[in-house]
Each structure stands twice: as C-alpha cells, then as structure tokens.
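Last residue of the sequence shown: 270 in the working numbering, with the numbers rising by one and none dropped.
Simulated from the structure, these hints should not be mistaken for laboratory data. Certain hints may be false.
Stated by the list, open to error - Ranges between beta-carbon positions, derived for each pair: (1) ALA159 / GLY68: 20 to 26 Å; (2) GLN230 / LEU270: 45 to 51 Å; (3) GLY196 / ALA247: 32 to 38 Å; (4) SER58 / GLU197: 21 to 27 Å; (5) HIS105 / HIS21: 37 to 43 Å; (6) GLY196 / ALA95: 36 to 42 Å; (7) ALA91 / ARG50: 37 to 43 Å; (8) ALA225 / LYS171: 19 to 25 Å; (9) VAL192 / ALA157: 32 to 38 Å; (10) SER119 / GLY173: 32 to 38 Å; (11) ALA162 / GLU197: 40 to 46 Å; (12) ARG152 / ALA234: 26 to 32 Å; (13) GLU217 / THR10: 20 to 26 Å.
All of these numbers come straight from a predicted model, not from anything done at the bench. Quick reminder that beta carbons are idealized off the backbone N, C-alpha and C, glycines included.
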Amino acid sequence: MRTELVSEPGLTDHPNEDFASVGLPASGQGGSLVVLDGVTPPRSATGCLHSVPWFTARLGGALTELTVSLPDIPLAEALSRALARTSAAHAETCDLSHPRTPQATVVLARWSPTAVEYLVLSDSALLVEAPDGTVAAVLDDRLARLPRSALATDAMIDADLRNKEGGFFTAAADPAVAARAVTGVLPRGEVRTLAALTDGAARWVETFREGDWTDCLALVRKQGAQALVDRVRELERADAAGARAFLGRAKVHDDATVVYAEL
C-alpha cells in the first residue's frame with residue numbers, strides 16, 4: 008500500500024488551517040483518511056475564543072480516532088460524534104450559535120477488505136479511481152451551484168446561505184449537519200486509488216483548468232502530491248491578479264492539502 012500526504016499553508020506567516028491524516032489499524036486490515044479545510048473567518052467577531060487551526064485539529068483528531076477505532080459505525084455517525092465532542096470542548100466559553108463559529112469542509116474515506124466508504128461535506132473533493140483507470144470525483148457542489156450574486160458579501164452569505172436550507176453546509180458546531188453530507192459505499196474491488204484534495208489543491212482543475220480529475224490523479228501518481236501543490240503555486244504566482252481564475256478566488260494563495268492512497 009502506498010500513501011502520501013502533503014499539506015502546505017497558503018502564506019508562510021499564517022498558520023495552516025487544513026488538517027489531514029491517514030489511519031492504519033494495527034490489525035493491518037483497511038484504513039481511513041481525513042481531510043479538513045478550515046474556513047478562514049472574517050476580521051469581525053466570530054463568537055469564539057479559539058482559532059480555526061484549534062478547531063480543525065480537535066475535529067480532525069476525533070475523526071481519525073473514531074474512523075479507525077469504530078469501524079462499524081457509518082462515517083456520517085463518526086462525523087456527528089466528532090462534532091459533538093469538539094463542540095463540548097468549547098461550548099462553555101464560546102457562542103457556538105454564531106454563523107462564523109470555527110468550521111471546516113470535510114472529506115472522509117474508510118476502506119476494509121470488502122468495502123470503501125466515503126463522505127464529502129462542502130467544497131473539498133474526493134477522487135475515486137477504479138481498477139480500469141476510470142476516475143470519479145465525489146463532490147458536494149451546493150456552494151458551486153449558488154449564483155455569484157448571492158455570494159457578494161460575507162454578511163449575505165452568513166445571513167442567507169451558510170448552514171441553511173437552500174445554501175450550503177460545513178462542519179461547525181451542530182452534529183446534525185453530518186446528515187447533509189454526500190455519502191456512499193463501494194465494493195472494495197471497484198476501487199484502486201483514492202485522493203482527497205482541499206479546494207486550494209483542486210485549483211489545478213477547478214480554477215486554472217490544467218486538466219480534468221483523471222489528469223489530476225495521474226499527475227499525483229506519477230510525480231507525487233507535492234508536485235501538484237507546487238504546480239498550483241506556480242499558477243497562482245503567474246496569475247496574482249486573478250486574470251485566469253475563471254471561477255474567481257478570494258485569495259492569491261490558499262492552504263493546499265492532498266492525501267493519496269493506493270489501496
């Protein structure tokens with residue numbers, strides 16, 4: 008089995024808000040991966056004393072433990088339990104009802120000798136490669152389907168769309184959001200490779216259009232996860248003004264994380 012994990016902050020003087028892990032049970036049977044992309048808060052108040060990296064470390068650590076130690080519970084239940092645990096850690100000191108309480112996108116995958124389970128919440132991506140080389144992208148595209156005019160300001164997003172019906176959902180304080188995730192189970196024999204990417208790494212496909220998801224996975228396999236991140240950084244520097252950013256981007260550089268696993 009081959010695994011790779013690369014996570015790089017968008018700015019060297021700013022902490023990485025992503026989280027990534029690969030869990031391999033001591034039994035040697037199966038494994039799991041966790042990728043979180045922390046949502047950068049606005050400069051205004053968030054109702055919380057804690058940083059986004061604090062939140063993603065807490066939630067990611069809980070998810071890593073639960074997906075490995077409790078292999079029989081569905082991934083949505085693992086996410087719900089991890090959110091409840093994380094929320095309890097700061098409920099007494101922070102306003103968890105605030106729309107900008109720390110939050111993150113989520114990608115989970117877990118494999119056993121018989122099955123591969125997956126969960127995606129918000130705009131990170133999971134690539135699933137079949138033995139014949141076919142690549143399917145598992146996406147939660149609710150945010151991408153919203154009209155750009157509805158996303159004009161943070162205030163509009165927070166009031167009308169963030170973690171609301173008709174908008175989009177992230178992992179924040181409410182464990183019930185786990186039921187909103189895109190989930191599924193595939194026979195183990197139908198999956199050869201998995202790759203999880205935060206949107207900072209997915210820019211190679213989604214923003215700069217350097218290739219499709221199949222090309223993206225091929226690049227990681229042949230050149231490594233770091234090569235994908237390095238190429239994104241080159242494209243970002245060459246397009247600092249955003250001229251080629253077909254979908255737009257709020258930051259010149261974003262945290263970029265890739266987890267690759269050949270099963």
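Okay, the hints, checked on the actual structure:
For ALA159 and GLY68, the Cβ-Cβ distance of about 36 Å falls outside the hinted range of 20 to 26 Å, so the restraint is violated. The given range of 45 to 51 Å is broken by GLN230 and LEU270, whose C-beta atoms sit roughly 20 Å from each other. For the pair GLY196 and ALA247, the beta carbons lie near 46 Å from each other, so the given range of 32 to 38 Å is not met. Checking the proposed 21 to 27 Å range against SER58 and GLU197 shows it is violated: the Cβ atoms sit about 40 Å from each other.
Restraint check, HIS105 to HIS21: a C-beta distance of roughly 22 Å breaks the suggested window 37 to 43 Å. Look at GLY196 against ALA95: about 40 Å separates their beta carbons, and that is inside 36 to 42 Å. Checked against the given bound of 37 to 43 Å, the beta carbons of ALA91 and ARG50, roughly 29 Å apart, lie outside it. Checked against the hint of 19 to 25 Å, the C-beta distance between ALA225 and LYS171 comes to roughly 38 Å, which is inconsistent with it.
Judged by the Cβ atoms, the range 32 to 38 Å given for VAL192 and ALA157 holds: they are separated by roughly 33 Å. For SER119 and GLY173, the Cβ-Cβ distance of about 36 Å falls inside the hinted range of 32 to 38 Å, so the restraint holds. Between ALA162 and GLU197 the C-beta distance comes to about 44 Å, which sits within the given range of 40 to 46 Å. For ARG152 and ALA234, the hinted distance range of 26 to 32 Å is satisfied, since their beta carbons lie about 31 Å from each other.
Our hint of 20 to 26 Å for GLU217 and THR10 holds, since their Cβ atoms are close to 24 Å apart.
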